[in-house]
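A.B. asks: Sequence:
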Amino acid sequence: MAGPDVAALAADLARAVELTMSPGASQQDRLRAYQACESFKETSPLCAEAGLYLAAGTQHSLISRHFGLQLMEHTVKYRWTQISQQEKIFIKENAMKLLSAGGISEESHMKDALSRVIVEMVKREWPQQWPSLLSELSEACSCGEVQTELVLLVFLRLVEDVALLQVRNNSLHNFSSNDYV
Numbered sequence: 001m002a003g004p005d006v007a008a009l010a011a012d013l014a015r016a017v018e019l020t021m022s023p024g025a026s027q028q029d030r031l032r033a034y035q036a037c038e039s040f041k042e043t044s045p046l047c048a049e050a051g052l053y054l055a056a057g058t059q060h061s062l063i064s065r066h067f068g069l070q071l072m073e074h075t076v077k078y079r080w081t082q083i084s085q086q087e088k089i090f091i092k093e094n095a096m097k098l099l100s101a102g103g104i105s106e107e108s109h110m111k112d113a114l115s116r117v118i119v120e121m122v123k124r125e126w127p128q129q130w131p132s133l134l135s136e137l138s139e140a141c142s143c144g145e146v147q148t149e150l151v152l153l154v155f156l157r158l159v160e161d162v163a164l165l166q167v168r169n170n171s172l173h174n175f176s177s178n179d180y181v
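full-length UniProt numbering puts the first residue of the sequence shown at 1, with every later residue one more than the last.
Be a bit skeptical, because a hint or two may be false.
[As the list claims (entries may be wrong)] DSS-like mimics (lysine-lysine), calculated; alpha carbons at most 27 Å apart, straight line: (1) K41 to K97; (2) K123 to K77; (3) K41 to K88; (4) K41 to K77; (5) K123 to K97.
[Stated by the list, open to error] DEER-style ranges, computed between Cβ atoms: (6) G3 to K97: 17 to 23 Å; (7) F155 to P23: 18 to 24 Å; (8) H109 to S171: 41 to 47 Å; (9) I89 to G24: 39 to 45 Å; (10) M21 to S138: 35 to 41 Å; (11) L31 to L62: 18 to 24 Å; (12) W80 to C143: 35 to 41 Å; (13) T58 to K123: 26 to 32 Å; (14) S142 to D29: 23 to 29 Å; (15) I83 to Q59: 33 to 39 Å; (16) D29 to T58: 42 to 48 Å; (17) R168 to P23: 36 to 42 Å; (18) S22 to E139: 16 to 22 Å; (19) L62 to D161: 22 to 28 Å.
These aren't lab readings, by the way, just hints derived from the structure by calculation.
Even for Gly, the Cβ is constructed at its ideal location relative to N, Cα and C.
When you get a sec, could you build the whole thing from the sequences and use the hints?
C.D. replies: Here it is, written out as structure tokens:
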């Protein structure tokens with residue numbers, strides 16, 4: 001799916017991300033670069049594709065690759081109901097390919113970012129639209145220790161998200177009950 005437009009966009013985004021983190025850049029330049037990245041994230045229909053291109057591209061810095069995963073996560077969290085089934089499959093398949101390959105870095109923040117992308121899809125797709133999830137994760141575990149760690153991070157984050165949701169719901173319920181006592 002990644003054509004020349006996506007490659008050019010990803011290169012521009014990588015430069016903008018690097019500029020936002022550059023101590024040698026002026027505050028105004030960093031702000032403009034940050035706003036360009038945020039604008040792209042909020043408005044571009046190529047958000048997931050450019051994100052994957054950045055995340056998977058070994059020519060990009062870890063900062064740019066992490067931003068790529070953030071673009072993918074943003075698409076899943078905030079646009080999942082608006083994107084096509086084809087794009088959902090594209091994101092799902094490629095995120096799982098990254099997981100099966102052992103992620104994109106040994107850095108813990110990169111593993112965490114990839115696990116967040118997958119967890120957000122799990123919350124929206126499993127089990128109805130993704131019945132093969134558990135077998136895919138099991139298969140990834142058989143590829144090695146790094147893949148097993150990533151799968152465990154997916155389960156950890158999923159449990160944390162579910163537990164947090166339950167705590168919030170219980171707090172709201174208790175708050176509502178106490179209002180009327």
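A.B. asks: All hints are to be evaluated individually against the structure, with a verdict given for each.
C.D. replies: Against the structure, the hints:
1. K41 to K97: holds (23 Å)
2. K123 to K77: holds (10 Å)
3. K41 to K88: holds (17 Å)
4. K41 to K77: This hinted pair holds, its Cα atoms lying about 12 Å apart.
5. K123 to K97: Status holds; Cα separation ~19 Å.
6. G3 to K97: 17 to 23 Å: holds (18 Å)
7. F155 to P23: 18 to 24 Å: At 38 Å between Cβs, range violated.
8. H109 to S171: 41 to 47 Å: Cβ of H109 to Cβ of S171: about 29 Å, so the range 41 to 47 Å is violated.
9. I89 to G24: 39 to 45 Å: Because 42 Å falls inside the window, the suggested range holds.
10. M21 to S138: 35 to 41 Å: holds (38 Å)
11. L31 to L62: 18 to 24 Å: holds (22 Å)
12. W80 to C143: 35 to 41 Å: violated (27 Å)
13. T58 to K123: 26 to 32 Å: holds (29 Å)
14. S142 to D29: 23 to 29 Å: violated (47 Å)
15. I83 to Q59: 33 to 39 Å: violated (27 Å)
16. D29 to T58: 42 to 48 Å: Because 27 Å falls outside the window, the suggested range is violated.
17. R168 to P23: 36 to 42 Å: holds (39 Å)
18. S22 to E139: 16 to 22 Å: Violated: the Cβ-Cβ distance is about 41 Å, outside 16 to 22 Å.
19. L62 to D161: 22 to 28 Å: holds (25 Å)
Checked against the numbered hints above, the structure violates hints 7, 8, 12, 14, 15, 16 and 18; every other hint is satisfied.
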